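**Q** Sequence:
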Amino acid sequence: MRDPETLRHPVLPLSRSALRDIVTRILDVADPPGDHSGTFGQPVLEVRITSDRGIMDLHQRHLGGAGPTNVLSFPAESPPTSEPDPNAVRGSIVISADAVLREAFLYGQDPRDHFIRLLTHALLHLADFDHGEIMDDLTEQVVEHLREPTPDNREP
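Plus 38 on top of the position in the sequence shown (first one is 1) and you've got this note's numbering.
Worth flagging that the hints you see were computed from the coordinates, not collected in a lab. Accuracy of the hints is not assured; some may be wrong.
[To be verified] Using C-beta positions, here's what the derived DEER-type ranges look like:
1) 104 <-> 59: 28 to 36 angstroms
2) 186 <-> 143: 28 to 36 angstroms
3) 104 <-> 66: 34 to 42 angstroms
4) 178 <-> 143: 29 to 37 angstroms
5) 170 <-> 130: 19 to 27 angstroms
6) 113 <-> 171: 33 to 41 angstroms
7) 182 <-> 101: 24 to 32 angstroms
8) 102 <-> 148: 29 to 37 angstroms
9) 67 <-> 147: 12 to 20 angstroms
Computed from a predicted structure; not experimentally measured. Glycine residues also receive a C-beta, built at the ideal position from the N, C-alpha and C atoms.
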């Protein structure tokens, strides 16, 4: 059954192939040095784009939160022992398209860049990163790397 809150929005890259490409590119860029290096593996992910109403229910049900949030990530259960890549990022990510557009406007950001920021944030959580300087730096590095050229930011 299709989730009636799942959205497709022309401003955001929400087709399956576009999401797959963005996730692959995020993981290629966000391979940090140190303990986390090379731990992304081949991801096993579910990414759902929903509305404020759709994410609000999940936020309340799973985290006890009030109101909508912008992104949620849910780690998957432990991988089966027969799986070839036990270090692969696994889980589900839910992003509110309403929040992406609202926050992009409020922060003066491109909606695609903000979407990538939130998706990167969730992927890093699934890879066992905690909030902090390393996570923030990696997130911004990914957004900068994946930013599409516009007339304002093209090199001369």
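**Q** All hints are to be evaluated individually against the structure, with a verdict given for each.
**A** Outcome of the hint check:
Between residue 104 and residue 59 the Cβ separation comes to about 35 angstroms, which falls inside the hinted range of 28 to 36 angstroms. The hinted range of 28 to 36 angstroms is not satisfied by residue 186 and residue 143, whose Cβ atoms lie roughly 18 angstroms apart. Checked against the hint of 34 to 42 angstroms, the pair residue 104 and residue 66 passes, with Cβ atoms roughly 37 angstroms apart. About 20 angstroms separates the C-beta atoms of residue 178 and residue 143, a value inconsistent with the hinted range of 29 to 37 angstroms.
Between residue 170 and residue 130 the beta carbon distance is about 23 angstroms. The supplied range of 19 to 27 angstroms therefore holds. Here the CB-CB span from residue 113 to residue 171 is close to 22 angstroms, at odds with the stated 33 to 41 angstroms. Take residue 182 and residue 101: their Cβ atoms lie about 30 angstroms apart, and the range 24 to 32 angstroms holds. The given range of 29 to 37 angstroms is respected by residue 102 and residue 148, whose C-beta atoms sit roughly 33 angstroms from each other.
Taking the beta carbon of each, residue 67 and residue 147 are about 18 angstroms apart, inside 12 to 20 angstroms as hinted.
Of the numbered hints stated above, those contradicted by the structure are hints 2, 4 and 6, listed in ascending order.
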